[in-house]
Every structure is written in structure tokens, then in C-alpha cells.
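I would like the entire structure built from these sequences, with the hints used as guidance.
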Amino acid sequence: MYQINEFQQRHILDAALADRVANLLLAAVAEKGKASIAVSGGSTPKGFFQALAKKKLPWHAITVTLADERWVNIDSSASNTQLVYENLLQDEAAGATFFHLKQGKTCCEQTLSTLNLAAERTLLPLDVVILGMGEDGHTASLFPCSDEIDQCLALDSPALIKVEPKTAPHQRISFSFAALAASANVFLHISGEAKKQVLATAIAGEDSREMPIRAFLHAPNVNTQIYWAE
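Just so you know, my numbering puts 119 at position 44 of the sequence shown, and the rest follows in order with no gaps.
Don't read these hints as lab results, they were simulated from the structure. Careful, some of the hints might be misleading.
[As the list claims (entries may be wrong)] What follows is a set of in silico ranges between Cβ atoms, one per label pair, in the way DEER data are often shown: (1) A259 x I79: 13 to 21 Å; (2) R196 x Q83: 40 to 48 Å; (3) A90 x E195: 32 to 40 Å; (4) T197 x E167: 35 to 43 Å; (5) D211 x I79: 16 to 24 Å.
Note that beta-carbon positions come from the ideal geometry of N, C-alpha and C, so glycine has one too.
This is how it looks when you write it as C-alpha cells:
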């Protein structure tokens, strides 16, 4: 399932999404004593990150992580971790805990096992998930071109998996569809006419292996809130 929320300007979307997410995190902390949120990289969420970072929340009880990460050094321009530190873990949100997806030298079975255990203990189920979407319909690092696509989409997959995309650089570590879709609050944050056309194509079809974002749009038990601005 999905619902489309359209905004005429990106800064209006950023403010509205920050308000919505702040309320969800606050409610989760009030209910459980803690909250978790997985965000996505790229240029689109920067304004949202900066708006959310200014919210007066019990950040000491909130853990932030990424929906996926490239297996690169944190000082690389390709690092989503660096993006989050520079734009979200600032101001009020500087007190949040960050759960690193890239830990260790290699993304081997031992690393994945350790990360999955830590995620189960501290993060899951995620209270809020903020997804992005590529021109090919991938989301997180669930790439249609990868040999791991069936594992990415399988309902019995581990929470964190290694992905080797064939049409994009860098080895990746990503939350699986099963782990992301288990969140009660899934958002797809996109902007621009080109992404709106990609979204229309995704909505019109059913094959999630062709466009993985379809798994979130068409799953009957997932309510994906789409936030789009020009």
C-alpha cells in the first residue's frame, strides 16, 4: 500500500517530514524508552536532516542508522555515514547514538553475523524508515542488477546483507526488504519530475525484481508514505 503526499517546494516537504518523524520518534520513546530510525543517503534528504536535527527530542534515547551503506572509508565522498554526521547528527540531534553499518575491514560472514546480532539487540524493529529511490527503481541497496536480489527481497532474509551491484560502484551493506518493511512507519522521500516518472512506472507494474521499490509500494501489510516535491 502507498499514499502520495505532494508538496510544491522541497523546503516545505522537509519541514513537514521532519515534524512527522519527530512526533513518531517521540511517541516511540514514550512507549518503549527508546527509538530507532534508518535514513538514506544522497542529496535529497539533506534539508530534511537539517530540519530534524533542530527538533528538541530525547535524542539520548534515539539510535540513528542507515538503510544501506557503501563499503568505503568514512572520509570518502561516497560515504553515507559522513553525510549523516555532517547534516543530521548536529544541533539537538548531536546527542543521538549512531549505529554504524560499516564495521571491520571486510564485509565477510563474520562481520555480517556480528552486525545482525547487534541490530537485533539494539535497533529492530525500526520505528521509522526513510527510503530513497534510484532511477532504476532500487531502494536502499536492493539493486535489480545484483545477484543478491532474491535474498534482498526474501521475507526470511537476515536483517543486514551484502550486496554487489553491477551498475553502481562499491560493495554495499543493506537492510533487507524484510527488515525495512517490518517498520510501522515507512517513508519514501523523493523529489523532481524524473523521480515522479520513475514512481509512476513502479506503481504501474508488479515485478519487484525489476524495480525493488515495488515491494514497498504493493505489499498489503506495508503502508508506504510517499513524500514528493518538485
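Taking the CB of R196 and the CB of Q83, does the distance hold inside 40 to 48 Å?
holds, 43 Å
Evaluate the given range 35 to 43 Å for the C-beta pair formed by T197 and E167.
This hint is violated: roughly 21 Å between Cβ atoms.
Is it true that A259 and I79 lie within 13 to 21 Å of each other by Cβ?
holds, 19 Å
Does the Cβ distance between A90 and E195 fall inside 32 to 40 Å?
Holds, since A90 and E195 (Cβ atoms, about 34 Å apart) stay within the stated range.
I want to verify a distance hint. Is the separation of the beta carbons of D211 and I79 within 16 to 24 Å?
With Cβ atoms ~20 Å apart, the hint holds.
The structure fails hint 4 only (numbered hints given earlier).
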